[in-house]
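Respectively, the protein sequence lines represent chains G and D.
Residue numbering for the first sequence follows our numbering, starting at 1 and increasing by one per position.
Residue numbering for the second sequence follows our numbering, starting at 1001 and increasing by one per position.
The hints are simulated quantities; they were obtained by calculation from the structure and are not laboratory data.
By construction, the Cβ of each residue, glycine as well, lies at the ideal position given by its N, Cα and C atoms.
One should not assume that every hint holds.
Said to hold, decoys possible - Stretch by stretch, here's where chain D covers chain G in the computed footprint (C-beta under 8 Å, at least three residues): (1) 20–28; (2) 57–69.
To be verified - To give an idea of the interface, some chain D residues facing chain G are shown, with a C-beta separation under 10 Å as derived from the structure: (3) G1002; (4) L1090; (5) S1094; (6) V1112.
Stated by the list, open to error - List of simulated lysine to aspartate or glutamate pairs, DMTMM-like, C-alpha gap at most 25 Å: (7) D:K1009 / G:D83; (8) G:K102 / D:D1059; (9) D:K1057 / G:E5; (10) G:K102 / D:E1015; (11) G:K102 / D:D1038; (12) G:K26 / D:E1072; (13) G:K70 / D:E1062; (14) G:K102 / D:E1062; (15) D:K1083 / D:E1072; (16) G:K26 / G:E5; (17) D:K1009 / D:D1038; (18) G:K56 / G:E17.
Residue-level listing of the chains:
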Amino acid sequence: SQQGEEDPQALSIQEGENATMNCSYKTSINNLQWYRQNSGRGLVHLILIRSNEREKHSGRLRVTLDTSKKSSSLLITASRAADTASYFCATYSGNTPLVFGKGTRLSVIA
Amino acid sequence: DGGITQSPKYLFRKEGQNVTLSCEQNLNHDAMYWYRQDPGQGLRLIYYSQIVNDFQKGDIAEGYSVSREKKESFPLTVTSAQKNPTAFYLCASSMSRGSYGYTFGSGTRLTVV
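Isolated chain G, as found in the complex:
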């Protein structure tokens, strides 16, 4: 079962611009997590936001969570070519392991 749905599916921006990705989900959650995957590699955990939190920062990353709209956004500021990757949201509802969305492919052009 796919809980999270990322939008857009693909995003192409210039280096230095900000990148925003969105995630919508269907059922109530305990937390929502964002992961990055470089081509052909495993996923790397970026940030976790709990259901009672509205915003969280980590370096150039900013995550927001709106539980009333069942949505989250990931903002990467001042993007770099090295940020080129796929980004996945994953939700934890308390009774099963993480459920992942299909991801957003981000291309940052130097």
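We have chain G; now place chain D onto it with these hints.
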């Protein structure tokens, strides 16, 4: 350094063969997971284990089997009953089922020849 190791990186399977993918972690994590990823798709859960000698089916367990005889190891066998096994397989571990982030291995790409 603590981490999670998957091997082999590439695996080729002939029709009708069973193959086993290895996953080892030295993070002292209780929970381990196997996900399958198809091109342009998200991750789908195959099996997971929260404790030694116990495991549960995920969304797409048919044609796969697992064992958890040691805390550090969670091998996945792709059996001949899995009709479309060509995919990227990812193993992960965590301190709990979802309250903390998962640590992933670097994946095994399985191709049927």
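Quick rundown of the hints versus the structure:
1. With a cut-off of 8 Å between beta carbons, the stretch 20–28 of chain G has 0 residues touching chain D; three or more are needed, and the interface restraint is violated.
2. Proximity of the stretch 57–69 of chain G to chain D, defined as three or more residues with a beta carbon under 8 Å from a beta carbon of that chain, is not established by the 0 residues found.
3. For G1002 of chain D, the interface hint is violated, since its Cβ never comes within 10 Å of a Cβ in chain G; the closest pair sits about 14 Å apart.
4. Using the Cβ-Cβ criterion of 10 Å, the hint placing L1090 of chain D at the interface with chain G is satisfied: the shortest such distance is roughly 6 Å.
5. A cut of 10 Å between beta carbons decides the hint on S1094 of chain D: the least distance to chain G is about 8 Å, and the hint holds.
6. A cut of 10 Å between beta carbons decides the hint on V1112 of chain D: the least distance to chain G is about 19 Å, and the hint is violated.
7. The suggested pairing of K1009 of chain D with D83 of chain G holds, with an alpha-carbon distance near 24 Å, which does not exceed 25 Å.
8. Pair hint K102 of chain G plus D1059 of chain D holds up; C-alpha atoms about 15 Å apart against a cutoff of 25 Å.
9. The straight-line distance between the Cα atoms of K1057 of chain D and E5 of chain G is roughly 23 Å, inside the 25 Å bound, and the hint therefore holds.
10. At roughly 29 Å between alpha-carbon atoms, K102 of chain G and E1015 of chain D are farther apart than 25 Å, so this suggested pair is violated.
11. Pair hint K102 of chain G plus D1038 of chain D holds up; C-alpha atoms about 10 Å apart against a cutoff of 25 Å.
12. The suggested pairing of K26 of chain G with E1072 of chain D is violated, with an alpha-carbon distance near 34 Å, which exceeds 25 Å.
13. For the hint linking K70 of chain G to E1062 of chain D, the alpha-carbon distance of about 31 Å lies beyond 25 Å, and the restraint is violated.
14. For the given pair, K102 of chain G sits about 21 Å from E1062 of chain D by alpha-carbon distance, which is consistent with the 25 Å threshold.
15. For the hint linking K1083 of chain D to E1072 of chain D, the alpha-carbon distance of about 29 Å lies beyond 25 Å, and the restraint is violated.
16. Among the hinted pairs, K26 of chain G with E5 of chain G is consistent with the structure: their alpha-carbon atoms are about 9 Å apart, no more than 25 Å.
17. The hinted pair formed by K1009 of chain D and D1038 of chain D meets the criterion: a straight-line CA distance of about 16 Å does not exceed 25 Å.
18. With a C-alpha separation of about 20 Å, the suggested pairing of K56 of chain G with E17 of chain G holds against the 25 Å cut-off.
Of the numbered hints listed earlier, those contradicted by the structure are 1, 2, 3, 6, 10, 12, 13, 15.
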